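Just need the whole structure built from these sequences, with the hints factored in.
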Amino acid sequence: MRNLLLSSLIVPFILGLVSFILPKKNKTLACALAIIASFATFIVCIAVFMLKSKFYLDNSYIYTLQYFLVDNLSAFIALFIGLFGFLIVLYSSGFMKDKEELNKYYAYVLWTISASIGAVISNNFLLFLTFWGVLGITLYLLIAMGTEDAPASAKKAFIIIGGSDALILLGMAAVFQLSPFLEISRIHIPLTNNLAVFSFICLALGAFAKSGAMPLHTWIPDSAETAPTPVMAFLPASLDKLLGIYLLFRISVNIFDIQPNSAISLFLMIIGSITIIAAVMMALVQHNFKKLLSYHAVSQVGYMILGIGTANPIGIAGGLFHMLNNAVYKSCLFLSGGNVEYRAKTDDLSKLGGLAKFMPVTFIAFAIASFSISGIPPFNGFVSKWMIYQGIIELGKTGTKLWPLWLSVAMFGSALTLASFMKLIHAIFLGQPSAKKIDDAKEVPAVMNIAPVILAGLCIIFGVWATQIPLRLFIVPSMQTHLTFSGMWNSSLATILILVGLLIGFIIYLLGSLKSREVRQFIGGEDLEKNPQMNPSGAEFYNTVREIPLLQFLYKRAEEKLFDIYEMGKRAVFGVSSLFSYLHNGILPTYCVWILLGMIVIMLVIL
Amino acid sequence: MLVLFFIISLAAAFLIAMFGRKSKLFCHLTSILATLSLFLLSLYALYLVNKSGVIVYNIGGWIPPLGICLVLDGFSAFMLLVLNFISFIVAIYALAYMEKYTDKYRFYCLFMCMITGMNGVILAGDIFNLFVCLEIASVASYALVAFGTEAEELEAAFKYIVMGAIAASFILLGIGLLYAYTSTLNMADISLAIAHKGFNTVILLVSVLFIAGFGTKSALVPFHGWLPDAHSSAPAAVSAMLSGVLIKVLGIYSLVRIFFNIFGVNQIILMILAILGAISILVGAILAIGQWDLKRLLAYSSISQIGYVILSLSLATPLGILGGLFHLFNHSVFKSLLFLNSGAIEYATGCRNLKEMGGLKEKMPITANTSWIASLSISGIPPFSGFWSKLLIIIACVQANRIGLALIAVAGSIITLAYFMKVQKVIFYGKLNPAFDKIKEVPVSMRLAMIVLAVLCLLGGILFIPRILVYFLKPAVSVLLLGTNYAFTVLGGVL
Chain A
1 MRNLLLSSLI VPFILGLVSF ILPKKNKTLA CALAIIASFA TFIVCIAVFM LKSKFYLDNS
61 YIYTLQYFLV DNLSAFIALF IGLFGFLIVL YSSGFMKDKE ELNKYYAYVL WTISASIGAV
121 ISNNFLLFLT FWGVLGITLY LLIAMGTEDA PASAKKAFII IGGSDALILL GMAAVFQLSP
181 FLEISRIHIP LTNNLAVFSF ICLALGAFAK SGAMPLHTWI PDSAETAPTP VMAFLPASLD
241 KLLGIYLLFR ISVNIFDIQP NSAISLFLMI IGSITIIAAV MMALVQHNFK KLLSYHAVSQ
301 VGYMILGIGT ANPIGIAGGL FHMLNNAVYK SCLFLSGGNV EYRAKTDDLS KLGGLAKFMP
361 VTFIAFAIAS FSISGIPPFN GFVSKWMIYQ GIIELGKTGT KLWPLWLSVA MFGSALTLAS
421 FMKLIHAIFL GQPSAKKIDD AKEVPAVMNI APVILAGLCI IFGVWATQIP LRLFIVPSMQ
481 THLTFSGMWN SSLATILILV GLLIGFIIYL LGSLKSREVR QFIGGEDLEK NPQMNPSGAE
541 FYNTVREIPL LQFLYKRAEE KLFDIYEMGK RAVFGVSSLF SYLHNGILPT YCVWILLGMI
601 VIMLVIL
Chain B
1001 MLVLFFIISL AAAFLIAMFG RKSKLFCHLT SILATLSLFL LSLYALYLVN KSGVIVYNIG
1061 GWIPPLGICL VLDGFSAFML LVLNFISFIV AIYALAYMEK YTDKYRFYCL FMCMITGMNG
1121 VILAGDIFNL FVCLEIASVA SYALVAFGTE AEELEAAFKY IVMGAIAASF ILLGIGLLYA
1181 YTSTLNMADI SLAIAHKGFN TVILLVSVLF IAGFGTKSAL VPFHGWLPDA HSSAPAAVSA
1241 MLSGVLIKVL GIYSLVRIFF NIFGVNQIIL MILAILGAIS ILVGAILAIG QWDLKRLLAY
1301 SSISQIGYVI LSLSLATPLG ILGGLFHLFN HSVFKSLLFL NSGAIEYATG CRNLKEMGGL
1361 KEKMPITANT SWIASLSISG IPPFSGFWSK LLIIIACVQA NRIGLALIAV AGSIITLAYF
1421 MKVQKVIFYG KLNPAFDKIK EVPVSMRLAM IVLAVLCLLG GILFIPRILV YFLKPAVSVL
1481 LLGTNYAFTV LGGVL
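Residue numbers (the working numbering), protein chains in the order written: chain A, 1 to 607; chain B, 1001 to 1495.
Since the hints were derived computationally from the structure, they do not count as laboratory data.
This one's a predicted model, so the numbers in the text were calculated from it and none came from an experiment.
Keep in mind that the hints are not guaranteed to be accurate.
Lysine-lysine pairs mimicking BS3-like chemistry, simulated, CA-CA at most 25 Å apart [stated by the list, open to error]:
# : chain 1 : residue 1 : chain 2 : residue 2
1 : B       : Lys1355   : A       : Lys570
2 : B       : Lys1474   : B       : Lys1361
3 : A       : Lys104    : B       : Lys1024
4 : A       : Lys24     : B       : Lys1355
5 : B       : Lys1431   : A       : Lys25
6 : A       : Lys104    : B       : Lys1425
7 : A       : Lys24     : B       : Lys1361
Simulated DEER-style distance windows between Cβ atoms [stated by the list, open to error]:
#  : chain 1 : residue 1 : chain 2 : residue 2 : range
8  : A       : Ile21     : B       : Phe1019   : 55 to 63 Å
9  : B       : Ser1478   : A       : Glu148    : 52 to 60 Å
10 : A       : Ile21     : B       : Leu1481   : 43 to 51 Å
11 : B       : Gly1404   : A       : Phe574    : 48 to 56 Å
12 : A       : Ile461    : B       : Val1455   : 46 to 54 Å
13 : B       : Gly1404   : A       : Leu51     : 47 to 55 Å
14 : A       : Leu402    : B       : Phe1199   : 54 to 62 Å
15 : B       : Gly1067   : A       : Ile21     : 54 to 62 Å
16 : B       : Lys1355   : A       : Asn585    : 17 to 25 Å
17 : B       : Leu1154   : A       : Ile274    : 23 to 31 Å
18 : A       : Asn261    : B       : Glu1362   : 53 to 61 Å
19 : B       : Lys1355   : A       : Ile21     : 49 to 57 Å
Take a look, some chain B residues computed to stay more than 12 Å from chain A by CB distance [stated by the list, open to error]:
#  : residue
20 : Gly1148
21 : Leu1209
22 : Leu1227
23 : Arg1296
24 : Cys1397
25 : Val1455
26 : Phe1488
We put the CB at the ideal spot given by N, CA and C, even for glycine.
Rendered as structure tokens:
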């Protein structure tokens, strides 16, 4: 068992190293190696998961090495890291085929897999931090492999991630001060004194940066435009969500044990709500579909944080389940979006349109994932959102007055998500073909469709059989507490009802199609008369949202990057820096005066 | 044996001065052999200290308070190792790098003089010899900064001389007052005298003079005015020595030796050192991020990193001292490496301005990769060496209940990460400047030096393994923790 666990780390690492030192020419070899390595890792992760669940009833900590520990949560997350790693490598073998330096690309991907698994199974805080830091490096290297502007966004991403690593380090130092252990499983700190709160916030900021919650989210939309699409699907969309929320779960449930209605719970819920609304509002007005998707990647994190912030079992389980679902549908969206980009050679919405009939498989996968992210039953996104809503309602029972606010934020965010995906599907797949004709409009090679199809299948399976499969296998065991569902969604029955409903509708449609009716073209609820120049391609949907007075102000500020903590920090630091540079005028007497002044000040202090 | 540290380096300097003008090979051979043997000797010294504790060598057989003595304890052995290792690597690097300068034998002569001075500072058992050796090293470094003899170099050297002289006069004044007060120059004896007479205003005044004097040598803000000019104008090999070891040996070593071992730990002085350290961290880092001259950026970054070392040492807890010394070692390695990288870039492109560079990754893969490793290491990204020392420093700050200092350390490290990412991006990524179309990777000796240091950055974490850490750093830490017990161990045979 011990060897099995270590091999899940060592196999991808060593094969990554081999791929790294391969000659640049051997693209096929590097690719084959990566597929084998990631598949082997996936198998090992499955084995770890299976062996663990045999002992499930005895003890939730199954076996312990000195530095590693696998419990239900880490086994389940490692399983999905393995799955996503394999799917992404498989997809990259088609998408990245013509790129340079493929051996390095696969090496970085394999190292990312290795380090991520390491981060979730390490039980020693230092070891965890080491793996976590390595992930920042590989993220930088992977983003930097994109377009010409990629190094700039890679730099931004790394500064935010690496900077938050320093915060985690500080939080860890505080934890170490409060508790004599460095083993994560043995640390239990009540959130009673200031140092504990301080350390929780430091660690939570690290988790926010990784998973992309506001205010540390700004690296995701920036890298979306420049990074290679599989990298976006791999890191910000799936792995970083798994890891960031994993950390948040660990600190808020295992290490600190936050209480409902405490200040920390409120803090998390506020961050979550702001993230949901602000990011989805930004998503509504994007023109670049990768950027639009990336804002949703931010917005969905809000739900997970909101869920965990409720601090009651059902809400936390909902947050965790939403993390899993989000990873599935968001990487499906990025990958099928990547298919579109692969054929159309553009990611600008106004240049796309009418691709559904050329790329049916991609379209269906994309549509399923879109329904899922918008929380439409019976897909998986609905179930987890429903659990989060229940968590909020449970919270209401404990006497807080604010629960209707959280609930309406979550539901409103969900509605806006649906709206923006309507725009996206319309602009890419339906609607008029764009003015500029896409030459190569046909379905992508089969190898690139495997991953989106599998993920779309998971969206359905995790939705329809939610209680039977994902909740029973992954989520409930991870919670270590008993879950009570106040109003459980009986998804299988509902699915049948929905199907029946659709069938009846279809029959009515067939009967009614005898006398059809003229309707005006649907353009996302916009008024065509007011926008006569509007391009019905869909890219312009919701531009009127910008015109609403207060929002207009906010959007403008957002475009000036006034809400970007990175840009603001940069401006502040550079401002101070130019002041200091001005003081360093290079004149010798000035410097000598400093020495004297410094000495005099010290003398005054001491004597 | 301790005298060998002087003899070898000084003899090498003289030999090069006498015979080096004719034969380039002789210069190279002498400098390499001398630095290599010094490096091996310092390894042996570390072994001896671990085996048999403190070694005192009485020159001419005179017993300590009367005669001059050399003292090798854990702290000196550690500093000797850092110094001689870096100088050996820099000597290898200089083989090819100094090709473009004329009068190379003078460079090697001055270089060896500087090493002599620094070895002397570390081994000196009495405070006046410490001062003399400090001046030997400083004067050699003034000349080395001016080595290019262009207007810029001369201006920088002039500033450096003036400020260095001010610092030296403060130090000398302090030593004079101390001598008048205690009637002895032997450091162990001074310590005893102070313990006997009590810690009073005279000592406080001397402390202020020493903080200003040695603070200038170690370039703490606000005493740092000389450093950016001097570091950026000197030849890269010299900058690496200046930043990697000179400011540490002349500044930090002397400060720490005097305040921990001679005067004894004093809370007010520790507080002042902590504040100076914290200011240096922030000011250095903020100044560095605005720079577009590579070497100037690295120079400001040195100020900031020295701040970390002083901050951590000033906590005076076991973990703080361990973190500070470990960071001192790591900083020597990665900052020397970064200066060597900057030298390599200047060697290949002839330019230091970041705005003109770009896309050098393809052309200079070894420089690019080693500098990437050094940048990650200095920014404290795991698993590179800088991470482990930063970890210790932050944990030590929190343990000492100084959350504010810990926050400053974290903020400094975020800014450090930001400016090194800027350096990486503008130099190695992006579009290649057409003017640099024909550049090549640097010669073998420069590559070798960079690779050795990069491997050390990569393996820095290994030093973290307790057993190695104990062997390497524990003697030094325990010397500082025992404080004024220094006097008894040095004078043990006499009293």
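Subject >> 12 Å cut-off, C-beta based - Cys1397/B kept clear of every residue in chain A >> reply: Nearest chain A Cβ is 7 Å from Cys1397/B, so the label is violated.
Original post:
Keeping to a limit of 25 Å between CA atoms, is the pair of Lys1431/B and Lys25/A held or broken?
Top reply: At roughly 23 Å apart (the allowed maximum being 25 Å), Lys25/A and Lys1431/B satisfy the hint.
Original post:
Hey, Lys1474/B versus Lys1361/B, does the alpha-carbon distance stay inside 25 Å?
Top reply: With a Cα-Cα distance of about 40 Å, the restraint between Lys1474/B and Lys1361/B is violated, given a limit of 25 Å.
**OP:** Starting from the range 23 to 31 Å, see whether the pair Leu1154/B and Ile274/A falls in it by beta-carbon distance.
**Re:** 58 Å, violated
**OP:** Could you check the hint for me, namely that Ile461/A and Val1455/B are 46 to 54 Å apart, CB to CB?
**Re:** 49 Å, holds
Original post:
Taking only the CA atoms, is the gap from Lys1355/B to Lys570/A under or equal to 25 Å?
Top reply: Distance of about 18 Å is within 25 Å: holds.
Subject >> Non-interface claim for Leu1209/B, where every Cβ of chain A lies beyond 12 Å >> reply: 8 Å, violated
Original post:
Going straight from one Cα to the other, do Lys104/A and Lys1024/B come out at no more than 25 Å?
Top reply: Not OK: Lys104/A and Lys1024/B at ~43 Å, beyond 25 Å, violated.
Subject >> Given hint Lys1425/B paired with Lys104/A - CA-CA distance at most 25 Å >> reply: Within the cut-off at roughly 18 Å; holds.
**OP:** Starting from Lys24/A, check that the Cα of Lys1361/B is at most 25 Å away, please.
**Re:** 15 Å, holds
Subject >> Minimum Cβ distance from Phe1488/B to chain A greater than 12 Å, as the annotation requires >> reply: 28 Å, holds
Original post:
For the pair Lys1355/B and Asn585/A, does the Cβ-Cβ distance stay inside 17 to 25 Å?
Top reply: 22 Å Cβ-Cβ, so the 17 to 25 Å window holds.
This entry does not satisfy hints 2, 3, 4, 8, 11, 17, 19, 21, 22, 23 and 24, going by the numbered hints stated previously.
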